[in-house]
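**Q** Residue numbers (the working numbering), protein chains in the order written: chain A, 5 to 354; chain B, -11 to 138.
Misleading hints may appear alongside valid ones.
To be verified - Far from chain B, by Cβ distances over 12 angstroms, these chain A residues were calculated: (1) E35; (2) D153; (3) L187; (4) E212.
Claimed, not checked - As a list, the in silico PhoX-like pairs of lysine-lysine whose alpha-carbon atoms are at most 25 angstroms apart: (5) B/K105 x A/K246; (6) B/K26 x B/K38; (7) A/K246 x B/K103; (8) B/K26 x A/K220.
Calculated directly from the structure, the hints in this document are not laboratory data.
Quick reminder that beta carbons are idealized off the backbone N, C-alpha and C, glycines included.
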Amino acid sequence: MDQACKRKQTDNLTMIIPEINNQAYTYRPGELLPELEGHISRGRFERVLRNGDFAVTAELAPPDSTDRNEVFEQAALFDGFVDAINATDGSGANCHMSSVVVCALLSYIGYSPIMQISCRDKNRIAIQGDLLGAGALSICNVLALTGDDVSAGDHPEAKRVFDLDSISLITLIKKIRDEGSFLSGRTITNPPQMFVGTSINPFVPPVESRILQLEKKINAGANFIQTQYCFDMPMLKDFMSKTVDKGLTEKAFFLPGVGALASSRTARWIKNNVPGVHIPDSIFQRLEGAEDQKKEGQKICTELMQEVKEIEGVSGVHIMAYKQEECVAQMVKDSDVLGGRKPWSPKDEY
Amino acid sequence: MYRARLFASRHARAYEVIYNATSPVILSTLRVINKITKGKLDRPITWFEKIIKGFLFDCQMCGNCVLSSTGMACPMNCPKTLRNGPCGGVREDGNCEVKPEMKCVWVEAWSGSAKMKDNLAIQEIQFAVNHTHQGSSAWIRLAKENKQII
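Kindly produce the complete structure, drawing on both the sequences and the hints.
**A** Following this line, the structure appears as structure tokens:
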């Protein structure tokens, strides 16, 4: 595993526009796929899901830098193992490169980025502007989030915006897309065709009402769901069976979130400091009992992926491996959740 | 007042009965007053609403009242002012991510709503607050718009 974890170099990534490729999920950088009936967006991520393939998404941590190569280097770690890349929007209320820009950079290479929008920092005017900009940059997927509170991050003195909440944000994106107008009613000549996602946390109280909340989000227009970290599989299975019973898996694609814990100390820190993360004691016991806690954390993550794949109603998995991005490819490979399928990679294209 | 607010969501059914009984009366009275005084009493009425709802629900006078759809728990008391359900940061004891000493407004709202007869209202999507109504009376606006009080 260690050798595979070495950072790959992307210096040779050329920007020559290649010939258009006729394979199912490929396209020219910065351009959209042809329209397809029954599809909302013209991006690759939606095609993978609608094709019935088990999708893998991974989270990219936007750099604290202006060097775009840092974005490309991180994205290249996922090449050939990930279908879509989430660019976080000020995760944990900490300052990083903007998610719109990270997605624009990724989109130019040809990746399928998922632009996260947090309601914490922008009001409805800024968000609508960003959505149009994202559309112009061929960004096809957006994830509507409430966002962690400012008090969780490195600028606790900042003003919290929360002009919208995640459900209002989904409603807004759907309105822009389907009605072709701003909230004010003013016409948008070429509205962005966004595939809309949102998150759900099945593990925090009131647990029994979370399913109602999910239903509300899907009714508002969510097309896919990426969940918070899932370490408690029995709880996730129970949640998913209720979701299937309600018929919600027919209306949206589900990608439960998994993560790799670096050590039991990290796990303890996450449990105490990151809002809404539920880690059961069995995970702590496994980590503490292991010789190499980091490797054990990755092994747990690999097993979680395999378990997630077996759950009814699940369409994919979302990997959040903060500061362990270089190991995502190996974990996906070890878990064999892709079953031989190779997601689009720029290396095949150039 | 925090304790009165918790009392409201714990007794959401009783509050619902009182609301349903009094709201048509309040609205018709306000319509009559408005017709006679042509809005000259708007300020004292707004002040009165602020005192009453402030005491009972910790009302923030957003002017977009949705109390009957949120189990009698005012969503404006959520630090993120969420109007469609809790965020993912609720603590394991059901308290708020931002204010650990406060019960999550939406934990209150869901339990309040479960006690109410109209327990499906909480499933309606509430679009974001119209901030131009901030500080104004929701009662007067509804009376003028000839809508049911909420």
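**Q** List, from low to high, the hint numbers that the structure doesn't satisfy.
**A** Violated: hints 2, 3, 4, 8.
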